[in-house]
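Novice: Each chain, written out:
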Amino acid sequence: MTDMTAVPADLNALKDLLAGLDRRMSALEATMESELSAIKEQLPEDKAAIIVFSGDLDKMIAAHIIATGAATMGLETTLFFTFWGLNALKERRSLEGKNLAERMMALMTPTGSKELHPSQMAFMGAGAAMLRQMMKQKDVASLEDLMALAKEMGVRTVACEMSMEVMGVRHEELREGVELGGVASFLAEASKARVSLFI
Amino acid sequence: MSTISETKTLDAQGLKCPMPIVKAKKELDTLSAGEILKVVATDKGSVLDFQGWAKTAKTAKLLDQETVSEGGRELYVHYIERV
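First to last, the protein sequences are chains B and L. All residue numbers for the first sequence refer to the working numbering, where the first residue is 185 and numbers rise by one. All residue numbers for the second sequence refer to the working numbering, where the first residue is 2 and numbers rise by one.
Worth flagging that the hints you see were computed from the coordinates, not collected in a lab. A couple of the hints might just be wrong.
Stated by the list, open to error - Listed next, the stretches of chain L that the computed footprint assigns to chain B, with coverage defined by at least 3 CB atoms under 8 Å from CB atoms of chain B: (1) 13-23; (2) 52-62.
What the hints assert, rightly or not - Taking lysine-lysine and the BS3-like style, the derived pairs with C-alpha atoms no more than 30 Å apart in a straight line are: (3) L:K62 - L:K24; (4) B:K320 - B:K335; (5) B:K231 - L:K17; (6) L:K56 - B:K243; (7) L:K45 - B:K335; (8) B:K243 - L:K59; (9) L:K62 - B:K231; (10) B:K231 - B:K376; (11) L:K56 - B:K335.
Every residue, glycine too, gets a C-beta built ideally from N, C-alpha and C.
Model the full assembly from the supplied sequences, consistent with the hints where possible.
Specialist: Right, dumping it as structure tokens:
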């Protein structure tokens with residue numbers, strides 16, 4: 185540490201003192217800058233990351249209401265579909281090249297959002313029709329409307345490749361515009377997101 | 002009655018969550034900074050929703066909200082400025 189109270193004996197001593205101060209200032213600035221950028225790196229951004237694990241109609245509706253709401257609020261939103269949630273993304277059923285278990289899974293799971301059942305009161309399919317009818321009567325947007333809206337608003341749709349593999353779901357069975365990803369793609373978004381949910 | 006003069010009015014009557022804010026955002030995006038969107042909704046939840054939206058969204062500023070009784074029902078009116 186330079187003794188600031190000591191008066192320099194001559195001009196050269198003063199120059200040295202200033203040069204020393206200048207060096208310390210620059211070093212301090214560099215440290216501050218790197219520390220600030222490290223802190224910035226840790227701060228969340230205007231993002232929302234939602235895992236859609238459930239293939240239940242009611243939970244699927246909730247996930248899409250939140251996703252469209254988040255997009256409206258200016259959050260860059262990503263929906264990660266995994267396990268039963270994948271059923272909502274299916275557009276066609278294909279049995280080609282699948283083993284017995286995979287074929288059974290394909291036949292016994294819904295193909296697309298319209299075949300989903302609610303988590304409560306499924307009643308062999310009557311529950312879904314009832315819930316949809318009740319929502320329609322009350323002018324609530326349908327799941328299909330919400331899904332189309334989410335797409336239109338730029339909500340990203342990522343399907344978990346590992347669970348697709350496990351469930352025997354092929355990429356060509358899913359609707360257009362679905363990206364494939366893994367846990368790291370979710371965590372990369374979630375660790376930067378202000379909102380992160382598991383539905 | 003509010004004295005704010007809006008640039009555009011959005012009829013959001015009958016719409017349920019999340020449609021009033023979704024439609025409002027779409028309309029607001031077509032306005033220029035400083036212009037004002039008036040939204041008329043019948044969804045009671047829209048009062049808190051518009052407050053929450055304006056708090057988070059960077060392009061929306063909530064100027065005023067009022068409840069108007071019309072024909073035996075309540076209308077929830079929101080005035081949003083495009084920032």
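Novice: Confirm or reject each hint.
Specialist: Status of each hint after checking the structure:
1. 13-23: holds (count 8)
2. 52-62: holds (count 6)
3. L:K62 - L:K24: The given pair, whose Cα atoms are some 16 Å apart, holds under the 30 Å limit.
4. B:K320 - B:K335: Distance of about 21 Å is within 30 Å: holds.
5. B:K231 - L:K17: 24 Å, holds
6. L:K56 - B:K243: Distance ~26 Å between K56 of chain L and K243 of chain B Cα, so the pair holds.
7. L:K45 - B:K335: 27 Å, holds
8. B:K243 - L:K59: Cα-Cα ~29 Å, so holds.
9. L:K62 - B:K231: Cα-Cα ~20 Å, so holds.
10. B:K231 - B:K376: Within the cut-off at roughly 7 Å; holds.
11. L:K56 - B:K335: The hint holds at about 24 Å.
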